[in-house]
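Work from the hints to combine the two standalone chains into their complex.
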Amino acid sequence: MRNLLNLLFFCLIGITVTGQGLTAKEIIQKADDKNRGLSSQGEMTMTIIRPDWTRAVSMKTWSKGKEYSLVLITDPAKDKGQVFLKLKNDMWNWIPAIDKLIKIPPSMMLQSWMGSDFTNDDLVRESSIVIDYSHKLLGKETIRGYDCYKIELIPLPDAPVVWGKVIMWVTTASYDQWKAEYYDEDNHLINISNSYDIKKMSDREVPTKIEIIPQNKTGQKTVLQINRMQFNIKMDDSFFSQQNMRKVK
Amino acid sequence: MQRLFYILHVIILSIGTNAQDSTYSGEKHLSLNGYVKDMQTVIIPNNDKNWQTDNLIHNRLNFKWNISRNFTFCLEERNRFYWGELVKSMPGYKDYISYDNGLVNMSWNILNDSAYVLNIAIDRVWIDFAQPKFQITVGRQRINWSQTYVWNPNDIFNTYSYFDFDYEEKPGSDAVRFQYFTGPASRLEIAAKANKQQRITAAALYRFNKWEYDFQALAGLFEQHDLVAGIGWAGQIAKGGFKGEATYFHPVRNFNDTTGVFLASVEYDYTFKNSLFLQFEGLYNSNSFNSADLLLQQMNAQLLNPKNPFLSGFSVFGNISYPVTPLINASLAGILNPDNGMYFIIPSVTVSLSNNLDLSLIVQSFQSYSGKSAIIGETLVFIRMKGSF
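Chains as they are written, first to last, in my numbering: chain A, 1 to 249; chain B, 250 to 638.
Fair warning: there could be bad hints in the mix.
Under the rule of at most 20 Å between Cα atoms (straight-line distance), these lysine to any residue pairs were calculated in the SDA-like manner [to be verified]:
1. Lys249/A - Lys382/B
2. Lys60/A - Lys382/B
3. Lys221/A - Asn604/B
4. Lys221/A - Pro575/B
Among chain A residues calculated to face chain B with C-beta under 10 Å, some are [what the hints assert, rightly or not]:
5. Leu101
6. Ile104
7. Ile154
8. Lys179
9. Tyr183
Calculated from the structure, these hints are not laboratory results.
For glycine and all other residues, C-beta sits at the position ideal for the given N, C-alpha and C.
If we strip away everything but chain B, and leave its shape as in the complex, we get (with noise of 0.2 Å):
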């Protein structure tokens, strides 16, 4: 995608020519796009054939009203029916599908019976006021501060997880956000949550270009507990992106007796002339609070915040991607952490059927190789189809 935006600037360019001052508006005041996706899920356990299985058949829907020129309203919500072994077989597996960690709860199963469970969840409702210079958004939204690709130290208000990728939009916050445009690429941003225990988290970020560099910085109060602070960059080495966090929390309690929790990542990623894609990152987290007990399938959001987005310690990451055919998209991923003895491999394939259908496998295996923890591994497989409209 970007290559081609890249193309499309030069053929814009040499497009332009003399001529007159016109203006012309082709926006809509409303809109509807979404998808719907359906995915089988297999779970496979080490060294057990008691396999398990799940079926998500899952459409969202993205509505945005432009109702003047300064003020957007935007509602989207995903409808998920889930039915297969682990609905009826797993303990708290409805709660979790139900599990809404917003002020306001708007997440319900309407239909809830042994075999199956439909749920209906509001991830995004705001309002937003823009002026030349600055922007308001009040309401459920995504903020997301966040410069690296899968840890993301700096994105205090919504931590997601890298595992969980069937949820592309990943979740958003109940918050209050004002920006302030002090150039072309450079903002203020004064930002306010509340959580489901009413905790506030509220933070100020200043971002901004220099030397081709993009540079932020960040301070605040995270969930009433912790001050926080962190800076962010993303820039090139050698024509690949090269981007870092890193954030500090420290307790705003006995501050002087406690220690704090830092969390660091940097990034490098190189694209080379026949589309070969090749990515690095590591996470540095010094909270030991967690982890070796977790489940692949509960390393989703809910489980991690933002001071703990992963396992605790060293984790590196590294990714290769390559499109075998136009049509056709492969990559491997891995992660090691080798403070609690472990590491995942994640292939997948992607296949273009048409301009708004793909077919996806992807499989997530994690395994415990050192003995440091008592996990046992598992593989995890799912096969996706994708329509989008």
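So that you can see chain A by itself, here it is in the shape it has in the complex (with noise of 0.2 Å):
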């Protein structure tokens, strides 16, 4: 009787939400969409905060499509000059130092560094948001100032997803994904993700700040920081070659 209740209590929110014309899915596929775009050049910084310690990592990025993409880290100074290149399936690691070209194989991705927060499953996102789950309409918040849609998302069946639910917080004005929870399959929260200072780069306003917060692991985060960003550089398919690795500045 409550689950019915709670399930025609979730169904008045989504009518009365979708009033407005989307559905929890068109939302989340907005918010998709303003995540995958063409191409992208900039630099950022990551942070690894722990209690007594933190470390950084820099580097310039270079991203076409899907399939594309060429990162050049900047610092630490021992791992400035490695290029890493990624063309559909296949990646490279290019370490100038010793002139070596080294082919990256898939169990490698699974090797964290420094003990990011960054999951290997809500980052290395082999799954789609869009397409992995079923969507329901919670309601409104506002978090942080931002008036958002408040979605959760349920993975399907045999969707590679190691999440049990995913709640979304998206932006109401612009479809900025500006927070989420991620639980296991037992309903436990694992990690929170929070968007902040939503900045002009080049013609866009993005968030340019995105924390990873694991729960039950006090003092911990994982701090993305862009520092600067453009969008949709003509960059020709020859741009992402092991030719370019050995030559981008």
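Structure follows, in structure tokens:
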């Protein structure tokens, strides 16, 4: 009975919000579309924060579509100059100090970097937040001053997803993924991600700071700071090449 | 690092949105980086209390000058100050420190005393001309055609020793190199170098990507003495890295009356979800010219060459490494060579003290177990602090 009431309740909210013309799936679709563009070029820093230490890595990045990306490490000094290239399913690491091009096997992706809180499955999104989940609009909430749609995502039975449930808050005005909670299959909250600092980057306004906070681990988080970003640069596919790994600066 | 990239790949894809065309250039024309290391070595012979110590203060400077869009100039040099009992007591040690296998000598012991030696060596100095489809590099450079981790039969321009871990950049060659890029993941390369004895090595390599594998084939002349041909690959089996190299050398003179040298290495590595990393490699070396009288501290790149990268016969390598905490990485490697009755055990721990400061403890123990060689085993202990800038 209670479940039925819940269901009715959610349906009602769903209908109310849908009254504005968008279903939960369409909102997620819009948020995902905003997150998947044609090309980008930028500079960013990832900082891992622990109670008694922090470590940071900075890089320049280039991407085009879903299949091409190139990353140049600019800091720390010991890793500076290393380049990573992804072409469809192939990945390489270029180490200029020894002139070595290393083909990266898939299992090496599982290696953690300094224990970063970015987990394999919420970030290495082989899965799609549109295709691999069912979506339910839970209502609207104001999060850190922004009106958001609150949407529940439940993975479809055969989807390649480890989460049992994801609750996502998407800003109503600009469809930014503003906050997300990740639950395991036993419905325990594992991670919270928050976006901050919406700034103009070339012609777009996007969140420029994203943090992941693991739960039950006091004082831990990982922060990604976008220092500079440009979008839809004209880039030939040939930019993403082993030759360019040796040339990017 | 690789996993970090994968995360980044996803992040940058998830940030790319629609916008206008523009570009920016954050490149600097001149750059300088490098490191300072201090390494204490203790050599402990089996059954002998006569320990020997060696201390090395090691500074590396890497200069790069982006002259124009197409031209780049690079100069890298190392300044090494050695002091301790090895400098005092080991005959030939200073010559060993200053040894340069290149056509042009660029290594000098500028301070030379019975108690210490200061060496300055240039191991990279090249100018590069790059065009959209090709690239020409002239000067002392590293030409690395290897695929596997420990032993590299395809690395015919510059061999290095796995044990010489402190020489992270590895030696270069005095060479001319032409690379023609036939696709995003394929290239034709032609290179020629001359060594100290003015003998020329010249070869061509073709590398391409197919079925998510990299393949390469090479052929040429090695030190004006042998014809050389080889193949290599890098791909994956069950998500782990699967790589290999094979090279055959055959003397040019008396081609029909001589036998060649065959080298082959195969590697497999796998990373588990908890970051445990396993790695295995095997080497076959048909060259029986050396081996068992090698001393560990002499197993450096000077005495090895592409035709003889390690002990003869079959060798197997295994390595397990694990980040005990995010800042502490521990590994244990071992090498077994039954043909010479020798094994090597190499444990190590590296601690990240800050973003640019690392402390390492590395042990290399090498032992003979079967009486096949007259070698008396010994253990080397290295403690190293490294600050990068």
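- Message: Can you verify the interface hint for lysine 179/A: is its Cβ closer than 10 Å to any Cβ in chain B?
- Response: The hint is violated - lysine 179/A has no Cβ within 10 Å of chain B, the shortest such distance being about 15 Å.
- Query: Is the straight-line distance between the alpha-carbon of lysine 60/A and that of lysine 382/B 20 Å or less?
  - Reply: Cα-Cα ~23 Å, so violated.
- Are lysine 221/A and asparagine 604/B close enough, with their CA atoms no more than 20 Å apart? Roughly 17 Å between the alpha carbons, so the hint for lysine 221/A and asparagine 604/B holds.
- Would you settle whether the hint for isoleucine 104/A is holds or violated, based on the nearest Cβ-Cβ distance to chain B being less than 10 Å? holds (5 Å)
- Task: For the pair we were handed, lysine 249/A and lysine 382/B, check the Cα-Cα distance against 20 Å.
- Result: holds (18 Å)
- Message: Check whether the Cα positions of lysine 221/A and proline 575/B lie no farther apart than 20 Å.
- Response: At roughly 14 Å apart (the allowed maximum being 20 Å), proline 575/B and lysine 221/A satisfy the hint.
- Is the hint on leucine 101/A kept, meaning its closest Cβ partner in chain B is under 10 Å away? holds (8 Å)
- Can isoleucine 154/A be said to touch chain B, with a Cβ gap under 10 Å? At 21 Å from the nearest chain B Cβ, isoleucine 154/A fails the 10 Å test, so the hint is violated.
- Using 10 Å as the Cβ threshold, decide whether tyrosine 183/A counts as touching chain B. Violated: closest Cβ of chain B sits about 20 Å from tyrosine 183/A, beyond 10 Å.
Of the hints listed earlier, those the structure fails to meet are numbers 2, 7, 8 and 9, in rising order.
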